[in-house]
Amino acid sequence: MNVIETENLTKTYKRYKKREGIIGSIQGLWKREYEEKNAVNSVNLKIEEGEFIGLIGPNGAGKTTLIKMLTGIIAPTSGRIEVLGYYPNDLKNEFKEKYAVVMGQKSQLFFELTANDTLRLFKEIYGIPEAEYQERKQYFIELFGVEKLMNMQVRTLSLGERMKMELIAALLHNPQILFLDEPTIGLDAIASRQIRGFLKQVNQEKGTTIILTSHYMEDIKTLCGRCVVINHGSKIYDGRTEALFEKYQNSKKITAIFEQPVDGSRFLTDGLMLEDTPHKKVISVPKEKTYQVLQAIMEENPSDISVEEEEIGTVVERIYKGRSET
Amino acid sequence: MSKYIEVGRTYLKTQLAWRGDVLFHMLFTVTKILFACLLWGLIFEEREMVSGFTYHSMLSYYIISSFLSQLEKSGGISEEITYKIRNGSFSNYMVLPISIEGYFTAMEAGIVLFYLGFDLAAAFIWVFIFRIEFVFVQSGFIFCCALLMVIIGLFFMVQLNYFLGILTLKYEEISTFLMIKNNLISLVTGSIVPLTLFPEAVVRYMKLLPFYYVTYLPSMLLTGRCRQEAVTGLFVISGWCIVMQILIVYTWKKYSRKYDGVGI
Numbered sequence: 001m002n003v004i005e006t007e008n009l010t011k012t013y014k015r016y017k018k019r020e021g022i023i024g025s026i027q028g029l030w031k032r033e034y035e036e037k038n039a040v041n042s043v044n045l046k047i048e049e050g051e052f053i054g055l056i057g058p059n060g061a062g063k064t065t066l067i068k069m070l071t072g073i074i075a076p077t078s079g080r081i082e083v084l085g086y087y088p089n090d091l092k093n094e095f096k097e098k099y100a101v102v103m104g105q106k107s108q109l110f111f112e113l114t115a116n117d118t119l120r121l122f123k124e125i126y127g128i129p130e131a132e133y134q135e136r137k138q139y140f141i142e143l144f145g146v147e148k149l150m151n152m153q154v155r156t157l158s159l160g161e162r163m164k165m166e167l168i169a170a171l172l173h174n175p176q177i178l179f180l181d182e183p184t185i186g187l188d189a190i191a192s193r194q195i196r197g198f199l200k201q202v203n204q205e206k207g208t209t210i211i212l213t214s215h216y217m218e219d220i221k222t223l224c225g226r227c228v229v230i231n232h233g234s235k236i237y238d239g240r241t242e243a244l245f246e247k248y249q250n251s252k253k254i255t256a257i258f259e260q261p262v263d264g265s266r267f268l269t270d271g272l273m274l275e276d277t278p279h280k281k282v283i284s285v286p287k288e289k290t291y292q293v294l295q296a297i298m299e300e301n302p303s304d305i306s307v308e309e310e311e312i313g314t315v316v317e318r319i320y321k322g323r324s325e326t
Numbered sequence: 001m002s003k004y005i006e007v008g009r010t011y012l013k014t015q016l017a018w019r020g021d022v023l024f025h026m027l028f029t030v031t032k033i034l035f036a037c038l039l040w041g042l043i044f045e046e047r048e049m050v051s052g053f054t055y056h057s058m059l060s061y062y063i064i065s066s067f068l069s070q071l072e073k074s075g076g077i078s079e080e081i082t083y084k085i086r087n088g089s090f091s092n093y094m095v096l097p098i099s100i101e102g103y104f105t106a107m108e109a110g111i112v113l114f115y116l117g118f119d120l121a122a123a124f125i126w127v128f129i130f131r132i133e134f135v136f137v138q139s140g141f142i143f144c145c146a147l148l149m150v151i152i153g154l155f156f157m158v159q160l161n162y163f164l165g166i167l168t169l170k171y172e173e174i175s176t177f178l179m180i181k182n183n184l185i186s187l188v189t190g191s192i193v194p195l196t197l198f199p200e201a202v203v204r205y206m207k208l209l210p211f212y213y214v215t216y217l218p219s220m221l222l223t224g225r226c227r228q229e230a231v232t233g234l235f236v237i238s239g240w241c242i243v244m245q246i247l248i249v250y251t252w253k254k255y256s257r258k259y260d261g262v263g264i
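Chains as they are written, first to last, in the working numbering: chain Z, 1 to 326; chain R, 1 to 264.
Hints are computed from structural coordinates only; laboratory data are not their basis. Where a beta carbon is used, it is the ideal one built from N, C-alpha and C, also for glycine. Hints are supplied without guarantee of correctness; some may be wrong.
[To be verified] Some chain Z residues near chain R, calculated using beta-carbon distances under 8 Å:
1. LEU29
2. ARG32
3. ILE74
4. GLU97
5. VAL101
6. PHE110
7. ARG120
8. GLU124
9. ILE128
10. ILE185
[Said to hold, decoys possible] Mimicking DSBU-like on lysine-lysine, the simulated pairs with C-alpha atoms at most 30 Å apart in a straight line are:
11. Z:LYS98 to R:LYS207
12. R:LYS84 to R:LYS207
13. R:LYS73 to Z:LYS98
14. Z:LYS92 to R:LYS32
[Unchecked claim] Residues from chain Z shown here face chain R by an in silico Cβ test under 8 Å; the list is partial:
15. TYR13
16. LYS17
17. THR71
18. GLY104
19. LYS106
20. GLU112
21. LEU113
22. LEU121
23. LEU159
24. ILE190
25. SER234
26. ASP238
27. TYR248
28. SER251
29. LEU268
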C-alpha cells in the first residue's frame with residue numbers, strides 16, 4: 001500500500017533580487033525585482049508502507065523542500081500530493097498525529113528543561129495513554145542507553161545525545177511515517193553509527209516508513225533499500241540503493257600516511273593523485289583497482305591508511321551527466 | 001484540553017529554570033513601587049486630592065495597575081512568531097497536532113501564572129511595608145467583573161500579538177506594527193498615569209479601543225471606581241476578542257500558504 005503519492009509535484013519560490021551596495025538598498029525601498037526558483041520540479045513519487053528511503057542530492061537540490069511539502073509545512077505550487085490519504089497542507093491534526101519529522105537543525109526540545117519534560121509534553125499533545133507512554137519511553141530509553149540523561153537540562157547534552165532525545169520525542173507516538181532531514185549532521189562517527197542502528201531497528205521492528213535525507217554515504221548505504229536522487233529540483237534516479245552505487249560510484253579515495261618518504265608514482269597504475277607529499281598520499285582509484293593499489297601501498301609499510309567512498313555530490317553529478325549524455 | 005494545560009505547565013517550568021531572572025524580576029517590581037511611592041508622596045505633600053484620588057487610593061491604583069500590566073507579557077508572542085517565521089523554525093509548531101494559536105495562548109497562561117505568584121507577593125509586601133491603606137472594591141459582583149475583564153483582556157492581548165506575529169507571513173517585517181501597538185498601549189492603558197488626568201473627550205475615544213479594558217478599567221474597578229462601566233466593559237472587550245478571532249482566522253487562511261519555511 002502506498003503511503004505517499006505525488007504527481008508532477010512542483011514548488012516555485014519567489015526570491016527578492018537585491019542590487020549590490022547602499023544605492024541598491026535604497027532603490028529596493030520602492031522598486032524590487034523578484035526571480036522565481038523551481039525548488040521542486042514535477043516530481044512523481046510513490047512510497048510503500050514500511051520502506052526506508054534515502055533522498056539524496058547536493059545542497060539546494062530540493063530535498064528539504066520536498067519533505068516540507070510532504071509534511072504540510074509548505075504548500076505545493078502545483079501537482080498532486082497525498083500522504084496517508086491526506087492533503088498535507090490542510091494541516092489536519094489527525095494527519096499530524098500519524099507522522100513525525102526530525103530536522104537536524106530545528107530542535108523540538110526545550111533547552112532549559114529536561115528531556116523528560118519535553119516527552120511529557122509530547123505525551124499530552126499526541127494523547128498517548130499513561131501506560132503506553134511509560135512502556136514506549138522505556139523501550140526507547142533502553143534502545144539508546146540514555147537512562148542517565150533523562151533528567152539533565154537539554155542544553156547540557158552533547159549534539160549526539162540531543163539527537164537521540166529528538167528521535168525519542170518523535171517516535172513516542174508511534175508514527176506511521178518518520179521524516180528525517182539530516183539527522184546525523186555534525187555528529188561524530190560513534191553517535192552516527194548508534195543513530196543508524198536505532199533507525200534500522202525502528203524500521204524493522206515497528207514497520208515505520210522512514211524517509212531520510214543525508215549527505216553521508218554511510219547513512220544511505222547502511223539504511224536505505226531504495227534511493228531517490230534529486231538535483232535542481234528534479235528526480236534523476238529512483239531505484240535500489242545497491243544498483244545506484246554499483247552503477248555510479250566508480251572510485252574510492254585512499255589516504256595513506258608513511259613514516260619514511262615514499263615515491264607515490266608506483267601506486268598510480270590507474271588512478272588520480274589528489275595529494276602527493278613525501279609522507280602522505282591521497283589517491284582516487286577506480287573501485288575495481290582498489291585491492292591492487294592497497295596491496296602496493298601495504299608493501300611500503302604505511303603507518304595509517306583509510307579508504308573512503310565517493311561523496312554523494314560526485315555520484316549525483318555523475319548520474320546527472322549520464323542522463324544528459326543519453 | 002490536557003495538551004494545552006501541559007503546554008502551560010511546560011512554560012511555567014521554563015520560567016522557573018533561571019533563578020537570576022526570577023530575582024531580578026522581583027527587584028524590578030519592588031523598584032517600580034518604591035519609585036511610585038516617592039513620586040506620589042511629593043505630589044500629595046501640597047494637596048489632599050489629585051483628580052479625585054487621595055494618596056492612598058492613588059498608590060492602591062498604581063499597585064494594582066502595575067501588577068496587572070506586569071502580567072501582560074504577550075508582546076513576546078509576536079516577537080517569537082516573527083522571528084520563527086523568518087528563520088524557518090515556525091515549522092516546529094506547524095507539525096504538532098495542536099492549534100498554534102491555542103499553543104501560544106497556553107504558553108502565555110503558563111508565563112502569566114509564574115508572574116502572578118511573584119507579583120502578588122511583591123504587592124502584598126509593599127502594601128505592608130509602606131503601611132498603605134489599601135483601597136479595594138467592596139462589591140463581590142464588581143470584583144468578579146474586574147477579574148473576568150482581566151482574563152478576557154489578557155486573552156485579547158494574546159490574540160492581538162498572535163495576529164501581529166502571523167502578519168509576518170505577508171509583510172516579512174512587522175516592527176512598525178509592533179511600534180504602533182506599543183505606543184498606543186502605553187497611551188491608552190493608563191498604566192503610568194490614570195486616564196482621569198486626560199481630557200474627557202480623549203478618554204471617550206479611548207473607551208472605543210480594547211486597551212482601555214486590559215489594565216486601566218480593571219484597576220479602577222478593583223479600587224472601587226467606574227462601577228457603572230463594569231458590564232459594558234465586559235461586552236466591549238469580548239466584542240473585540242470576537243473581531244480579533246475573525247481577523248486571525250482570515251489572515252491565517254489567506255497567508256499561511258506564503259510560509260516558505262526557509263532559514264536555518
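Hint by hint, here is what the structure shows:
Taking 8 Å as the C-beta cut-off, the interface hint given for LEU29 (chain Z) is violated, the closest approach to chain R being about 12 Å. Taking 8 Å as the C-beta contact cut-off toward chain R, the hint placing ARG32 (chain Z) at the interface is violated, the least distance being around 12 Å. Contact between ILE74 (chain Z) and chain R, as hinted, is supported at the beta carbon level, the nearest pair being about 5 Å apart and thus within 8 Å. Proximity of GLU97 (chain Z) to chain R holds as hinted, the smallest CB-CB distance being about 5 Å (cut-off 8 Å).
Given the 8 Å rule on beta carbons, the hint for VAL101 (chain Z) holds: about 5 Å separates it from the nearest Cβ of chain R. Nearest Cβ of chain R to the Cβ of PHE110 (chain Z): about 6 Å, under the 8 Å cut. The hint holds. Interface hint at ARG120 (chain Z): satisfied, since its Cβ lies 7 Å from the closest Cβ of chain R, which is below the 8 Å cut-off. Checking GLU124 (chain Z) against chain R by beta carbon gives a least distance of about 4 Å; that is within 8 Å, so the hint holds.
Interface restraint check for ILE128 (chain Z): the shortest CB-CB distance to chain R comes to about 11 Å, outside 8 Å, so the restraint is violated. Taking 8 Å as the C-beta cut-off, the interface hint given for ILE185 (chain Z) is violated, the closest approach to chain R being about 12 Å. Note on LYS98 (chain Z) and LYS207 (chain R): the hinted pairing is violated, with a Cα-Cα distance of about 48 Å set against a maximum of 30 Å. Of the supplied pair hints, the one linking LYS84 (chain R) and LYS207 (chain R) is violated, its CA atoms being roughly 34 Å apart against a limit of 30 Å.
Taking the CA atoms of LYS73 (chain R) and LYS98 (chain Z), the gap is near 34 Å; set against the 30 Å cutoff, the hint is violated. The hinted pair formed by LYS92 (chain Z) and LYS32 (chain R) fails the criterion: a straight-line CA distance of about 46 Å is larger than 30 Å. Checking TYR13 (chain Z) against chain R by beta carbon gives a least distance of about 6 Å; that is within 8 Å, so the hint holds. Given the 8 Å rule on beta carbons, the hint for LYS17 (chain Z) is violated: about 15 Å separates it from the nearest Cβ of chain R.
With 8 Å as the threshold, the beta carbon of THR71 (chain Z) comes within range of chain R, its nearest partner Cβ sitting at about 6 Å, so the hint holds. Annotation: GLY104 (chain Z) was flagged as interfacial toward chain R, and the flag is violated, the nearest CB pair being 10 Å apart, outside 8 Å. Interface hint at LYS106 (chain Z): satisfied, since its Cβ lies 5 Å from the closest Cβ of chain R, which is below the 8 Å cut-off. Because the smallest distance between the Cβ of GLU112 (chain Z) and any Cβ of chain R comes to about 4 Å, under 8 Å, the interface hint for this residue holds.
With a least beta-carbon distance of about 6 Å to chain R, the hint placing LEU113 (chain Z) at the interface is held under the 8 Å criterion. Hint status for LEU121 (chain Z): holds, given a least beta-carbon distance of 5 Å to chain R, under 8 Å. At a threshold of 8 Å, the smallest CB-CB gap from LEU159 (chain Z) to chain R is about 15 Å, leaving the interface hint violated. The interface hint given for ILE190 (chain Z) is violated, since its Cβ lies 26 Å from the closest Cβ of chain R, which is over the 8 Å cut-off.
The closest approach between the C-beta of SER234 (chain Z) and any C-beta of chain R is roughly 19 Å, which is over the 8 Å cut-off, so the hint fails. For ASP238 (chain Z), the suggested interface contact is broken, since its CB lies about 24 Å from the closest CB of chain R, more than 8 Å. Contact between TYR248 (chain Z) and chain R, as hinted, is not supported at the beta carbon level, the nearest pair being about 30 Å apart and thus beyond 8 Å. With 8 Å as the threshold, the beta carbon of SER251 (chain Z) stays out of range of chain R, its nearest partner Cβ sitting at about 34 Å, so the hint is violated.
With 8 Å as the threshold, the beta carbon of LEU268 (chain Z) stays out of range of chain R, its nearest partner Cβ sitting at about 43 Å, so the hint is violated.
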